[in-house]
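There are 2 protein chains.
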Amino acid sequence: MKPPSSYLAASAQFGAGSSPSDFLERCLAAIEARESDVKAFVVRLDPALARERAAASTRRWRAGAPLSPIDGMPIGVKDVIETIDMPTGMGSPLYDGYRGEKDSASVKALRDAGAIIIGKTVTTEFAASWPGPTRNPHDLARTPGGSSSGSAAGVAAGFFPAGLGTQVVGSIVRPASFCGVYGVKPSVGAINRLGSHDYMSQSAQGVLAASLADAWQVLIEIANRCGGDPGFPGLAGPAALPPARTPRTLAVLETPGWKIASAGARTAFGEKAARLRDAGVTLLTRATSPQVEALEAMLPRAMPLTRYINGWESVWPLRTYGERDASKLSPPMRERLAECDGMNVGEYRAALAERAAIRAAFASLSTLADACLTLAAPGPAPVGLASTGDPNFAVPGSFLGAPAMSLPLMSDEGLPLGLQLLGFEGADADLFAVAGGVQALAR
Amino acid sequence: MKPPSSYLAASAQFGAGSSPSDFLERCLAAIEARESDVKAFVVRLDPALARERAAASTRRWRAGAPLSPIDGMPIGVKDVIETIDMPTGMGSPLYDGYRGEKDSASVKALRDAGAIIIGKTVTTEFAASWPGPTRNPHDLARTPGGSSSGSAAGVAAGFFPAGLGTQVVGSIVRPASFCGVYGVKPSVGAINRLGSHDYMSQSAQGVLAASLADAWQVLIEIANRCGGDPGFPGLAGPAALPPARTPRTLAVLETPGWKIASAGARTAFGEKAARLRDAGVTLLTRATSPQVEALEAMLPRAMPLTRYINGWESVWPLRTYGERDASKLSPPMRERLAECDGMNVGEYRAALAERAAIRAAFASLSTLADACLTLAAPGPAPVGLASTGDPNFAVPGSFLGAPAMSLPLMSDEGLPLGLQLLGFEGADADLFAVAGGVQALAR
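Residue numbers (our numbering), protein chains in the order written: chain H, 485 to 927; chain P, 485 to 927.
For the record, the hints were derived by calculation from the structure and aren't laboratory data. Just so you know, not all the hints are guaranteed correct.
[Said to hold, decoys possible] Taking lysine-lysine pairs in the DSSO-like style, the calculated list, with each CA pair at most 30 Å apart, reads: (1) P/Lys586 x P/Lys743; (2) H/Lys586 x P/Lys586; (3) H/Lys812 x P/Lys586.
[Said to hold, decoys possible] Chain H side only, calculated, beta carbon under 10 Å to chain P, not exhaustive: (4) Ser588; (5) Ser687; (6) Asn708; (7) Cys710; (8) Asp713; (9) Pro717; (10) Thr733; (11) Leu789.
[Stated by the list, open to error] Computed far set for chain H versus chain P, every beta-carbon distance over 10 Å: (12) Ser502; (13) Ala532; (14) Pro617; (15) Ser685; (16) Ala720; (17) Pro727; (18) Val829.
All of these numbers come straight from a predicted model, not from anything done at the bench. Glycine residues also receive a C-beta, built at the ideal position from the N, C-alpha and C atoms.
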């Protein structure tokens with residue numbers, strides 16, 4: 485499969501023969517050709533309406549007055565994020581056809597920037613683990629990953645150059661890895677979540693995209709218009725992709741994922757690491773750095789604490805859903821609901837305190853390394869659609885509140901595999917700069 | 485007017501002749517007698533249904549198995565907080581008849597504790613400044629204060645012993661002062677706001693109540709069942725009202741309100757302060773303590789920073805409302821909407837940073853004083869319903885993220901006036917203990 489087309493790259497030619505309308509036509513042709521197999525969408529914008537909007541954008545670009553660098557960009561929106569013109573089903577029969585009659589803050593910002601919301605993309609049930617129908621464009625027998633399944637698969641299949649996603653465990657980084665696209669989970673609170681059914685304390689809204697430049701542009705256009713979550717400073721940085729910067733030092737993290745990583749994934753990661761080392765980047769590991777070892781020793785806590793924190797924070801909505809109609813919840817969701825009864829605020833408080841302590845330990849690593857480097861998944865997308873795959877490599881970024889991204893720079897068994905970079909909370913722009921540098925050396 | 489009846493006091497007699505059904509009948513009689521004048525409710529629960537629920541509660545108490553100490557307690561719910569059985573109008577024609585088809589986390593917790601949600605209470609438009617029809621039970625020509633107007637007036641008139649409210653500027657403390665009831669705005673994040681249309685970073689859900697014990701019990705029953713906002717430890721403390729504790733030292737704050745306080749309010753406050761001093765409580769003031777003076781010098785920033793922070797955090801919903809139908813917004817809300825265009829995330833970030841610095845300075849005062857003492861309002865409720873009154877005394881608690889309460893211990897012109905206590909973030913239970921001590925000495 486060829487890599488998906490960047491809108492930012494295409495827009496350099498707008499005016500010189502090409503246009504947003506041309507770009508849209510390529511997307512619509514890809515949808516026409518493959519959507520019946522890939523099933524990335526829950527709802528699609530009427531193509532006639534999409535063409536109208538692209539034509540308006542084309543006129544703005546021709547007049548030299550686009551609303552923003554993403555004016556005319558077709559964007560898919562994960563189906564937990566509200567849109568005024570389409571229902572928001574949250575991957576649950578409980579919300580089938582639900583309409584909040586509003587755009588989320590991020591969707592409103594994207595529209596104000598001229599983007600074309602081209603459809604709602606498949607999510608797992610309530611952005612948790614129960615999968616939707618989406619298939620991996622690289623191999624239809626495999627999962628695209630989740631929970632932002634449709635946004636990742638849609639970018640990979642060329643349906644749109646960027647899709648909004650959310651991540652509280654591994655829901656952006658993992659499907660990005662499996663589908664071979666860029667996936668960015670920003671710092672906690674960096675992108676305003678109002679109007680999205682996404683309330684957990686370590687959840688963040690982010691993006692799956694065809695290029696680093698596309699990802700940054702979507703995020704900064706949102707943040708400059710509606711900021712981050714209330715009380716957070718919001719994503720900050722330059723008006724266009726931060727220039728690439730070669731990192732001096734990277735901390736290589738094994739995380740609990742390394743033990744289950746495939747031989748192919750280990751080899752691919754080792755090759756990228758060697759290339760960076762050869763280029764003069766210092767790589768700290770648990771063997772060479774006591775600070776890295778100290779962090780590695782804490783990371784096995786990420787998954788159990790994440791489970792408790794997310795579980796307690798879900799007690800209210802889960803009980804509400806259960807009382808409305810428990811038969812419309814998936815079996816694992818009904819299990820979670822039953823687990824609610826054993827949870828209490830005291831244990832939650834202890835989990836928050838431990839998370840805060842581990843976050844502080846992680847933050848201190850910023851004096852030693854420009855970023856952390858690890859795998860985005862333990863191997864390629866597994867065969868079958870019943871599971872969205874293992875989240876062990878993705879959960880640390882969520883748990884740490886740190887910006888995390890998967891770069892589509894590796895493969896295993898001929899299928900995509902992501903190289904993951906983890907940055908430091910609030911320093912999202914710097915992580916993009918480092919990612920540019922890493923990509924140039926390790927590609 | 486006689487003070488409203490405490491449910492916790494009445495429940496001591498349940499079993500000995502009295503019952504939740506008797507309590508409810510007194511509430512229904514008060515509603516029958518005065519609701520047409522006071523207008524505290526937007527929607528009321530069918531009295532037959534309320535009686536059914538009270539009878540069930542009576543049976544539980546008689547069996548010695550109440551669901552909680554507030555089993556059978558009639559509670560009013562501010563009309564920005566969702567209830568599955570009643571619409572949530574938010575004081576705006578834009579949401580007339582709106583049904584979210586769910587209970588908020590707090591309402592669900594109250595129902596699980598056996599409380600009877602007796603109706604939705606009047607709020608100003610979107611809990612901001614444009615008033616509803618509610619009148620002050622102590623003088624129908626005067627405002628009850630806002631934005632939790634109906635919950636405050638309803639407690640004062642004996643319609644229910646407790647009502648849920650929210651405060652982002654002065655929306656609990658101010659109406660509590662004007663209506664002569666207890667008003668508690670907990671620490672920021674202490675009470676779970678999920679399912680309430682209340683998203684601003686310094687907003688908190690709290691309670692207006694007939695007694696300190698009723699206020700504590702309502703809050704702790706909520707917090708023990710659904711905790712605080714995601715990511716916050718939530719209100720913590722004993723299963724019943726913390727025992728009264730005489731404070732050693734209180735910091736007397738003038739705040740920017742003192743300059744506009746009435747002569748009567750100053751005199752009443754001076755008398756209470758003298759009584760505390762006579763009882764051996766050390767009172768620090770800006771004249772005697774450099775730390776208090778330093779804080780006083782910062783407090784004039786509370787109102788302008790609060791305006792900017794709340795304004796920026798409202799940009800998304802306000803624009804959304806405006807696009808749906810700006811004609812259904814009040815004139816001041818349309819002005820706010822126009823102000824959105826001049827706001828930006830950079831200034832918001834600076835405001836957050838300044839707020840954090842002032843919060844840190846305030847927190848350091850906890851080594852010197854048990855709590856802060858000030859007025860809850862500059863005088864009694866003003867005549868007229870067009871304004872909900874001045875928020876200068878109430879805004880510091882919101883801005884500081886600190887627990888704040890108004891105690892109905894004073895009067896001016898024969899009308900209620902609240903003594904305000906401000907505690908330290910997270911130490912809500914301790915503030916209740918200090919309030920008990922202050923009340924015992926200053927009553």
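Report task. State the violated hints by number, sorted upward, taking the hints as numbered earlier in the document. Result -> 1, 10, 11, 15, 16 and 18
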